[in-house]
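Colleague: Given the coordinates of chain F, work out where chain W should sit on it, guided by the hints.
One letter stands for each residue in the lines below.
Protein chains: 2
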Amino acid sequence: MATDPSHRILFEPLRIGPKTTKNRFYQVPHCNGMGHRWPRTMAEMRGIKAEGGWGVVCTEECSVHPTSDLTPATLMRLWDDSDLPVHELMVNKVHEHGALAGIQLVHNGQSVSNYFSRIPSLAPSPAPTETGNSTQARGMDKQDIRELRRWFREAALRSRRAGYDIIYVYAAHGIMTLLYQFLLQRFNQRTDEYGGSLENRLRLVREVLEDTRDAVGHDCAVAFRFAVDELMGPEGMHKAEAEDIVGTLAELPDLWDVNVADWGNDSLPSRFGAEGAQEKYVQFVKSLTTKPVVGVGRFTSPDTMAGQITRGVLDLIGAARPSIADPFLPQKIKEGRSDEIRECIGCNMCTSGDYVAYPMRCTQNPTMGEEWRRGWHPERIARAATSDSVLVVGGGPSGLEAALAAANRGYDVTLAEASHALGGRVLGETALAPLRQWKRLSDHREYMLSKQTNARLFTQSRLDADQILEMGAAHVAIATGAVWRTDFTGIHHRFPVPVSAPELIISPEDIMSGTMPGGRVMIFDDDHYYLASSLAEHLAAAGIDVLLVTPAAEVAGWTHFTLEYEHIQTRLRELDVDMVCHHGIGGISNGHVRLECVYTGASTPVEVDAVIPVTARNSRAPLFDELMTRQAEWADHGIRTVTRIGDCLVPGTLAMAIHSGHEYARNLDAPDPGDIPFRRENDFDTSRIWPEFTS
Amino acid sequence: MATDPSHRILFEPLRIGPKTTKNRFYQVPHCNGMGHRWPRTMAEMRGIKAEGGWGVVCTEECSVHPTSDLTPATLMRLWDDSDLPVHELMVNKVHEHGALAGIQLVHNGQSVSNYFSRIPSLAPSPAPTETGNSTQARGMDKQDIRELRRWFREAALRSRRAGYDIIYVYAAHGIMTLLYQFLLQRFNQRTDEYGGSLENRLRLVREVLEDTRDAVGHDCAVAFRFAVDELMGPEGMHKAEAEDIVGTLAELPDLWDVNVADWGNDSLPSRFGAEGAQEKYVQFVKSLTTKPVVGVGRFTSPDTMAGQITRGVLDLIGAARPSIADPFLPQKIKEGRSDEIRECIGCNMCTSGDYVAYPMRCTQNPTMGEEWRRGWHPERIARAATSDSVLVVGGGPSGLEAALAAANRGYDVTLAEASHALGGRVLGETALAPLRQWKRLSDHREYMLSKQTNARLFTQSRLDADQILEMGAAHVAIATGAVWRTDFTGIHHRFPVPVSAPELIISPEDIMSGTMPGGRVMIFDDDHYYLASSLAEHLAAAGIDVLLVTPAAEVAGWTHFTLEYEHIQTRLRELDVDMVCHHGIGGISNGHVRLECVYTGASTPVEVDAVIPVTARNSRAPLFDELMTRQAEWADHGIRTVTRIGDCLVPGTLAMAIHSGHEYARNLDAPDPGDIPFRRENDFDTSRIWPEFTS
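Listed in order, the protein sequences are those of chains F and W.
Under this note's numbering, read the first sequence as residues 816 to 1510, first letter to last.
Under this note's numbering, read the second sequence as residues 816 to 1510, first letter to last.
The following block holds chain F by itself, in its conformation from the complex:
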């Protein structure tokens, strides 16, 4: 199909300094947990985005010097020439598809403790680093500043050698970058010409911009990434100061890449904000510069994107998360298939790649991170040799993904869901207001399946083992999900907690299907990700008195990795949710829960009217188990394989469930992958063991 005329503006080329991008789709720099450690994984991921139509594809942060050492995070490095091959690999992959390659050079200043390099950290003024290990950064003297400028210049020259088209000067994301630290009064307390007035605080940024232009500006575009607002009032970067900065530097960069800080505000989880949430902060920029402006906003609607350009908000549609969820988003819009976009749900599973230090994954896009090591392409999948029948039992996230991927392979797919609607746990979880946008997970798959002629979807179709045998599909996938345990067993309690008042217990599913308990409700969170706090928010917003108890030191601790943590903490407090950490449950009797301190065992009785345990889940396995005991009957019915997938195989995240369903379909009729179902980046080579060692 042809491009929708109202979207054609998105495909107009645009000059960026000495370079021209073919369209307005701009993958801004974003971390991925792969970086220099898994370079093939990283480069293939970036290359596929270029293939999917992004006109510009950038790296993540790239450190210019070992005084900026982000260990244990695994981002890019350009410390010396030995780092070049990794970059050349990425640039080549991006250029193959006609996209421009950008690199975000960074010095992280006082945000890092240089755990690997063990060199003292640098800062505008002496201050603790952000790692909480009683370590400070050194206030830079003039010689340090000269050195820093040299590092940036040399990194820019190396970047050009690697083939990059766009080279960033980077002052955004709050505390994360040294140049931003220089801009901010709370970090920059210098009394020389680099501190004090805005002109002074801006001096280093200007020098690095000028140095970069001077070094590579004839050949490469120089971008400036700048956070125009920290959303903390005049104590931080705010509109008035940002206007001064943009007005002052206006034409110096070839491109303005603007956003808000900190990272949790920039990559705002969908639980806390909608598409285009940054417009009100960044819209002023274009009025102060003639240079192109790129910004982000978790854009997945081409109408919204085109509107950003026609309304003069942005020139280029920046994206990190939407390009992760759907690397082919531009191509789909170009081909008039924007209904097929796999829209980012804003869960921020992707950012956990950086925080945990593993290759990024995506809840929506199960191929993310698997492009190189498993050869999974987000839009292409091997046709099956046959059109054998596949029966998927259960229409939750893994069942839907398995059905969709199997249908894409050409199998004849039947999906049977017991309940009245498709979605499985997604339906339940998105009944909680905080998680509403995650419904895109099932909506997208249900829609794509509805377009397949070789897939049939049935709801209200509970199947028993006899019926499944009767249907005689060649392959049967059991995707019947899991149910939350109500006996409190989990990480902290390995055995059920004594309960003499079972009527107090309400399951998470009860709440998700509409139960509204009265009085004081206690939620016990031994799950530590998003559900318990979502339940708390859901209930507290309805006026219910909520007490959230966890044996951990923190409520929702894992959400640090998804940038949700701070937002959750604030919201729960705004909703007057009481929180008690470091406590398990000693027992539950009539009207009382006995809390037990994790460390001392000290007991505290608490009056409650209901208790919701969020601890662990049981796979819904009986159907699978019965089919396994009747394996002797399979052949008679033409059944070759019966396989558990998703939460029925093992309860986990939504990302795991969808990955599991996808893997199932990829592996149908495929050879056994052996013990290691992926290729590894094991580069260690005995012939290079001690290349320079002289002891």
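I should point out that these hints are in silico values taken from the structure, not numbers from a laboratory.
Some hints here could point you the wrong way.
Said to hold, decoys possible - Keeping only pairs whose Cα atoms sit at most 16 Å apart, straight-line, the calculated EDC-like set for lysine to aspartate or glutamate is: (1) K1101(W) / D1059(W); (2) K1101(W) / E1150(W); (3) K957(W) / E1094(F); (4) K957(F) / D1440(W); (5) K1101(W) / D1154(W).
Note that the structure is a prediction, hence the values are computed from the model and not measured.
Modeller: Frame of chain F; chain W shown alone:
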């Protein structure tokens, strides 16, 4: 010198299955944060221990299969043959010095979420994994158990190919290992022959032991590492059950490596236990087996070690931390130089290598982790070309280390300390009971310096710039340390907090030098490592009412990485220390502190009689600054360099201070190392970029 006769028993060889160790010094398996990611760094570190006289040197955990994926930690792997070169490198380094090499094969079961491999985790019974990301492990079926046994067998065979002498079957450290998970009722709720009775729960361990013997037992010793007590009463592993287990398996392994669980009890920080703390738990083992027994206890005293053997507690002296602090501990005992042992202080900085995922460091041993990349040897240091004079101003940790290392290089060293005693901040911090054992840092250096003929130490010798110029040393190191700020600036408060009652403020140094405030004392911790909780413990133990406030989610959060966290939490509660998290300080007025919620800004007044801020430090820089302004006068006095080191350069951990002092001495008269003062393990090779890719 000759070996002390009472220590000779430590140098008697011992048969371990088909192998013989030359002595009783046994470096038990221990993590190091290097693993498969930095193999040269790891192998050189292990090799130097072998050189230092350890009869056996083992790896850390080595995963046998991608279902046991410890990412983001970087331990060893033996998943397929591509992992062999890393192991061969290590084995060769260990064998070079006549030591035996051991490998600790592991499957981590439900303790890991397989963040990298993305394969469902395995467990005896379905249960959440330990990572807090709402992910569970799959209960293993019989086929899984057969597979697991195959993985262990294949890993054992690969281990033999790599040249290992001792191959571990590993069931210790609490939740960390699948075989231990099978042993424990709270994880193993199986109803088949692998669950229920102890015989059943022990079945898998026995099978893996037998499989390993069968596979490699003729050539390699088979060790069994087993935690005899979890120190949690009958709910966990306890003496009665451990006796049954040892009695049952008695002669099956060639070696018993016994300890207590969890890791925080095994590698007990010195703050919570002394040398030999495990004896009472493990001493029964030898009565139930004729096979050699190794155990640990942070042994650094050769008398204690010899006693362990003569009293029949252990046959081999196991060590992790003492071998990190002093890789040459056996050699020093052998040569009758046990007074020169650099004794482990039990701070557990080393374990942070595993937790943070960086190459391990050691507070006592600044060369740890630098052996390969900087060529630093713990006992050898390049002689200087000259015997130029070096003046070290300040006798704290960095000054002492700089003086010692410079003296070892042959420089003519003078150290001048202003106060009445050497030690600097170590003196102050070790005045707090919890940190007493850390005094070894300064004691060791002071003692070693006292033996040097080319080093002179002066106390009560405060020097001003004129005097320093007058003295005219070729090299001047300024090691004047840092002082704690009392204005509350730190990570949370970037500007001073309004204080209208300054008489309430007490500095950490005041407490460390003996001040005992009365009434209710608030400690404000924005440092997050050990000091605030040590102050709290010190004061509370003296009967003072203590309130510990932090803007973080947890008190002493960084101590997770040093295995101190849980112990600190328990102890502070036992001492009735009140704790308030997520709060900053709004202001301090007469008798009141106004706490401010980090998330909502909500204000809570608290009555206090004193406030101790533990937030950040100021370098004591005036002397250095003055010398820099008088640089023109240096040459006249023969001064070539003036350098800040340690906390005076930048406040940090004790490990950083000592590393800084050591680096200073190593670099004297050395060529400029350029931007990257170490070699890197950059193995990525363009010629091997896409070796097997077929898209």
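Colleague: Each hint needs a verdict: does it hold in this structure or not?
Modeller: A quick look at each hint next to the structure:
no.: 1; hint: K1101(W) / D1059(W); result: holds (13 Å)
no.: 2; hint: K1101(W) / E1150(W); result: violated (29 Å)
no.: 3; hint: K957(W) / E1094(F); result: violated (57 Å)
no.: 4; hint: K957(F) / D1440(W); result: holds (14 Å)
no.: 5; hint: K1101(W) / D1154(W); result: violated (30 Å)
Hint check: violations occur at hints 2, 3 and 5; the rest are consistent with the structure.
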